[in-house]
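There are 2 protein chains.
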Amino acid sequence: MEVARQLGVGIESLCAGVQTCGKCRVRIEEGKLGREDVTSNLAHASPPSEREKTALKNHDFAPNERLACAATVLGDLAIFIPEPSRTAKQIVRKSATERAIALDPAIRLYYIDVPKPTFADEGLGDSERLTQQLYQRFGLEKLAVDYRVLPDLQRVLREEGWGVTVTVWDDREIIRVQPGFHDKAIGLAVDIGTTTVAAYLCDLSTGEVLATEATMNPQIAYGEDIMSRISYVTEHEQGLAKLNEAVVGALNELAEAATARVGLEPADIAEITLVGNTVMHHLALNIDPGYLGGSPFPICLANPMDIKARDLGLLVNPAANVHVLPVKAGYVGADNMGVVVAEAPHAQDEIMLIIDVGTNGEILLGSRDRLLSASSPTGPAFEGAQITFGMRAAEGAIERVRIDPQTLATRFRAIGRAGWSDAWADPAVGQPPSLDGVGGTPPRARRRRREPEPALARGICGSGIIDAVAEMFRAGVLLPSGAFNPDLDHERLATFNDLPAFVIARADRTAIGRDIVVTIADVRAVQLAKAALYAGTHILMQNLGVTKIDKVVLAGAFGSYIDKQRAMILGMFPDCEPAQVYAVGNAAGDGARIALLNKAKRREIAQVARWIEHIQIPMADEFQQHFMNALSMPHATDPFPHALS
Amino acid sequence: MEVARQLGVGIESLCAGVQTCGKCRVRIEEGKLGREDVTSNLAHASPPSEREKTALKNHDFAPNERLACAATVLGDLAIFIPEPSRTAKQIVRKSATERAIALDPAIRLYYIDVPKPTFADEGLGDSERLTQQLYQRFGLEKLAVDYRVLPDLQRVLREEGWGVTVTVWDDREIIRVQPGFHDKAIGLAVDIGTTTVAAYLCDLSTGEVLATEATMNPQIAYGEDIMSRISYVTEHEQGLAKLNEAVVGALNELAEAATARVGLEPADIAEITLVGNTVMHHLALNIDPGYLGGSPFPICLANPMDIKARDLGLLVNPAANVHVLPVKAGYVGADNMGVVVAEAPHAQDEIMLIIDVGTNGEILLGSRDRLLSASSPTGPAFEGAQITFGMRAAEGAIERVRIDPQTLATRFRAIGRAGWSDAWADPAVGQPPSLDGVGGTPPRARRRRREPEPALARGICGSGIIDAVAEMFRAGVLLPSGAFNPDLDHERLATFNDLPAFVIARADRTAIGRDIVVTIADVRAVQLAKAALYAGTHILMQNLGVTKIDKVVLAGAFGSYIDKQRAMILGMFPDCEPAQVYAVGNAAGDGARIALLNKAKRREIAQVARWIEHIQIPMADEFQQHFMNALSMPHATDPFPHALS
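Which chain is which? The protein sequence lines are A and B, in order. Just so you know, the first sequence maps onto residues 2 to 646 in this note's numbering. Just so you know, the second sequence maps onto residues 2 to 646 in this note's numbering.
Since the hints were derived computationally from the structure, they do not count as laboratory data. Treat the hints with care, since some could be wrong.
Treat identical chains as interchangeable: a pair holds within one or across any two.
[To be verified] In silico SDA-like cross-links for lysine to any residue, where the CA-CA straight-line distance does not exceed 25 Å:
{"hint": "1", "residue 1": "K117", "residue 2": "N304"}
{"hint": "2", "residue 1": "K143", "residue 2": "K600"}
{"hint": "3", "residue 1": "K143", "residue 2": "R611"}
{"hint": "4", "residue 1": "K549", "residue 2": "E623"}
{"hint": "5", "residue 1": "K117", "residue 2": "S232"}
Let the hints inform the model, and build the full structure from the sequences given.
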């Protein structure tokens with residue numbers, strides 16, 4: 002341990018060298034020194050004491066493994082430090098920017114033997130003896146003790162003979178003291194979406210995701226989208242309390258479910274990181290989001306903040322801190338900052354476009370030189386709302402559509418049902434499809450486990466409507482302007498409420514006993530949404546002075562389900578190499594997880610959030626022209642070589 | 002303002018120089034410059050603007066008074082800064098060590114106009130605009146915002162056009178934001194006694210005590226003294242919760258009552274300081290005091306601590322901090338440290354003895370060179386407990402006794418009844434006596450207001466038993482050994498449960514229909530108690546290497562009621578000039594109040610508490626000999642020139 006320290010190599014240790022924790026396992030390499038066998042190598046290290054032998058046995062050490070804190074170097078040795086023994090561990094995460102995450106959590110565990118009280122040190126309380134010992138053994142200075150640690154402290158210290166594991170937050174606060182030796186610290190990364198709340202339970206010493214849980218945001222009962230929830234709060238006496246309690250309740254359920262999955266308890270959660278759009282962020286903190294509803298959309302809190310879990314009503318370790326990521330603007334929230342943490346556009350030379358499509362399209366564009374943010378008023382069409390047969394991405398939602406350009410034969414896939422609709426055996430129950438969602442277990446996968454197989458299609462969700470309109474255009478049903486092709490005659494062409502429409506699902510393939518169609522009004526809604534998104538991106542490109550985008554990142558669980566090719570046909574974003582378009586799944590949640598595992602990333606995003614330049618899209622003069630041009634499919638003026646190839 | 006600053010003179014300002022708060026009032030002195038009239042003096046100052054004139058009028062300024070932030074010095078001027086305008090204010094407190102208290106509270110108010118949000122600063126939340134403004138105007142760096150300030154912040158900022166008064170704690174945390182201009186900050190100093198809980202509501206900008214409230218400690222329902230409460234906690238499932246809730250409830254009632262008295266609300270309380278003996282301290286913090294019941298009496302928390310009021314269940318401003326004073330040892334508590342704050346033995350050359358008599362006698366002895374503490378096992382006799390007719394210092398308790406040495410005629414005074422018993426007209430109701438309690442309104446005075454006049458005596462309280470035994474000795478009823486004088490024959494000599502006894506109150510003067518007597522067992526209990534106290538003091542004197550004490554301070558509400566002369570006759574403490582014996586009333590509460598008004602005093606007592614040397618009295622070998630010698634009245638071997646003079 003001493004030698005490693007001199008060489009600048011960090012070796013883990015929880016017990017501060019008293020030969021109990023087994024964390025400082027090192028391997029004495031064979032052969033490298035030109036000697037014959039293990040024994041001769043070991044001869045260059047001190048023989049293990051009885052105490053060390055006990056630890057070696059308890060922790061299943063191989064014959065050539067030793068405790069770095071116990072073995073003394075007596076001669077030349079080649080030592081290998083296994084990954085788990087290194088203080089600088091890395092976990093690798095697959096994403097658009099494939100990158101290793103350095104593990105440096107704010108939560109650290111320390112095992113110490115606290116000296117028993119005597120008359121000689123009567124002036125010290127048990128808590129002072131504890132902090133004094135942590136200072137003497139680990140150099141932890143000026144440690145605060147969270148109040149909630151005190152009531153139980155004296156009992157805990159005595160329960161296993163004064164040996165305790167201390168959970169320290171950010172090298173400055175004791176948030177938990179447990180009797181005896183423990184080496185597992187866990188944290189929860191939370192992404193509060195308007196529709197779905199997702200939680201990732203992480204092992205803070207390995208970075209491993211122990212459990213992923215997701216649930217519907219129960220605030221949906223008070224409004225499907227952000228604006229309707231703001232209205233609910235402003236129009237109802239106890240509106241804020243209801244919405245706050247709903248989401249806090251959901252978080253508590255997720256914490257309960259995730260910890261139960263690995264045999265732990267919510268009280269074991271030592272820290273939480275939290276992202277969400279600005280309205281979800283405010284509601285989770287019990288802050289009235291009403292002001293966000295009106296220009297200039299003033300937010301209450303932009304900076305990151307550490308708030309005690311108990312102050313938020315979260316039933317985890319009461320002394321745990323909840324690290325809330327920064328918010329950039331009224332419609333560029335902590336979720337977007339989470340995406341920035343995960344995709345790190347500010348650390349790259351290439352121009353990256355990040356689109357998080359929800360009720361509003363949130364756009365980030367730039368590189369290490371400059372990074373712009375904006376939100377574009379796409380409306381809720383991409384979420385399946387305000388579409389004739391629109392629905393949320395839930396059981397029975399049509400999420401994929403294919404139209405044969407020759408015959409206009411149309412088939413679809415629905416969430417929760419295996420295979421394409423033309424292969425369904427009615428009313429047979431197929432196998433659950435293996436949807437390859439990126440990043441965590443998507444909520445729809447979970448729901449599938451709990452409910453019986455759905456019969457048939459019930460509506461069209463966001464990715465389905467994008468597919469449908471793109472395919473209708475590609476098959477010539479629609480003209481580039483979005484109008485129905487007047488020269489076409491086909492049995493799938495119909496009218497619905499006097500509007501021209503195209504039948505996606507025949508009544509015999511639906512659970513609603515009637516055809517599911519896409520009307521001209523739906524096509525217009527999609528055109529408006531994609532034009533808004535496209536025009537917003539264009540304004541950011543002009544601001545940045547670029548004409549080409551190197552990478553496109555589609556963030557959000559929704560992004561994972563979008564068919565990249567069809568999104569390009571539609572013209573949702575400027576032309577780009579298809580290989581450079583990535584659906585990164587819940588990147589906001591990934592950002593929360595990275596912030597949970599690495600405290601330096603928190604400082605980084607706090608600074609980056611301030612450095613990002615936010616552009617007010619609807620205020621820009623050029624918007625209207627770009628918007629009009631972008632209404633066509635794919636676009637009236639911009640080339641789309643990759644979309645139609 | 003600028004000139005004063007250059008000269009190193011602090012002038013108050015809440016509005017940071019925008020000419021509204023009127024706090025920086027200064028007077029342009031007449032005549033001192035040899036000029037004829039006010040007008041010519043004013044000519045050496047800039048004429049007031051319309052804005053300043055408005056402020057001068059609003060705040061009732063005299064013609065020669067100006068706002069320091071507005072008036073410019075144009076020529077020689079003699080300026081007087083009235084006391085309320087000075088940042089370094091002093092309030093004077095009468096006590097044993099008569100001393101001025103510098104006013105330097107942790108709570109400060111700042112009035113600012115927060116800039117409205119615009120699209121240009123969309124990256125800033127309202128809370129960031131607030132902290133930025135406090136930095137720019139007052140140089141307050143790195144201000145934290147307590148979470149509980151956030152939910153209401155946006156509404157508050159807009160309520161009076163973005164002008165707000167911000168309450169800042171310790172130059173580091175915003176704990177309250179109020180719409181518009183406010184200049185009154187209040188705090189509560191609390192002393193939790195085993196029997197009585199006292200609260201002092203203070204104006205933090207003047208130091209004035211706005212209201213004093215006291216109530217019986219409702220924990221009494223679970224045990225009269227400290228040991229019985231510890232037993233209750235250890236023996237009952239919900240014992241700790243019950244005792245904690247009881248005292249928290251009492252504190253909430255006191256906060257409610259005290260603020261109501263001056264037309265304010267508990268939510269206006271911006272800070273609390275808290276003292277109490279170690280068991281009361283632990284119970285208030287919801288810490289199991291069970292460990293304090295056994296050797297070596299380990300405390301949980303010795304250091305001072307700032308705890309959020311909401312974490313303790315206190316219904317004041319939820320973001321307010323509760324500053325808990327340090328504890329020295331299991332039986333030398335935060336109340337004793339409060340006494341040290343108030344009497345400051347560590348700042349004096351003379352040797353001071355401080356005795357806080359309760360269930361245990363807590364003793365402090367020393368000076369600036371060295372200060373020792375101890376607790377002596379006096380037992381509860383001085384509290385009236387374990388005395389045949391003993392009772393708490395409540396209605397009907399005999400608190401003074403006089404015996405004529407010639408005739409043995411005996412008279413007494415009882416709490417709540419005017420005059421000596423021999424002047425009572427039965428069963429007439431007299432006038433309430435004007436008891437001259439020192440320091441605050443004593444609880445018995447409050448109780449008197451609420452209940453009807455008592456009929457007669459009901460028992461003997463602590464000061465009464467001291468008086469009785471001292472007088473019995475002085476009158477020759479008792480021998481120096483404590484035995485009844487066998488040569489004496491008098492109608493007041495009686496037997497009670499076969500024990501020799503002396504009648505203090507005849508049945509016709511009591512409410513219990515029988516004589517109230519002092520038995521030989523009672524005399525022994527008092528002897529044991531005073532001997533323990535005396536022996537403890539003696540051991541501290543030996544440790545300190547002194548043979549003489551310069552000052553004796555009797556602390557605790559009880560101390561105020563002790564007859565100093567009779568306490569010396571009894572030999573409760575070593576001989577001392579009677580003029581140098583002070584009853585300082587609730588010095589612990591005074592200490593809490595001083596800590597509330599001056600944050601430097603908190604740092605000071607934190608250090609002093611560690612520096613004090615605690616001596617374990619029952620461990621000392623010499624104790625038994627001193628104890629035996631001290632059993633006699635006044636003392637077998639020590640001279641008591643002042644006691645018997």
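Hint-by-hint comparison with the structure:
1. Taking the shortest alpha-carbon separations for K117 and N304, only the inter-copy value of 18 Å comes in at or below 25 Å, while the best intra-copy value is 43 Å.
2. For the identical chains of this complex, K143 and K600 are neighbours both inside a copy (19 Å) and across copies (19 Å), given an alpha-carbon limit of 25 Å.
3. Proximity of K143 to R611 under the C-alpha cut-off of 25 Å is restricted to the inter-copy arrangement: shortest distance 16 Å between copies versus 30 Å within a copy.
4. In this homomeric assembly, K549 and E623 come within 25 Å of each other (Cα to Cα) only inside a single copy, at 18 Å, whereas the closest approach across copies is 92 Å.
5. For a Cα distance limit of 25 Å, the shortest separation of K117 from S232 across copies, 23 Å, qualifies, whereas the shortest one inside one copy, 59 Å, does not.
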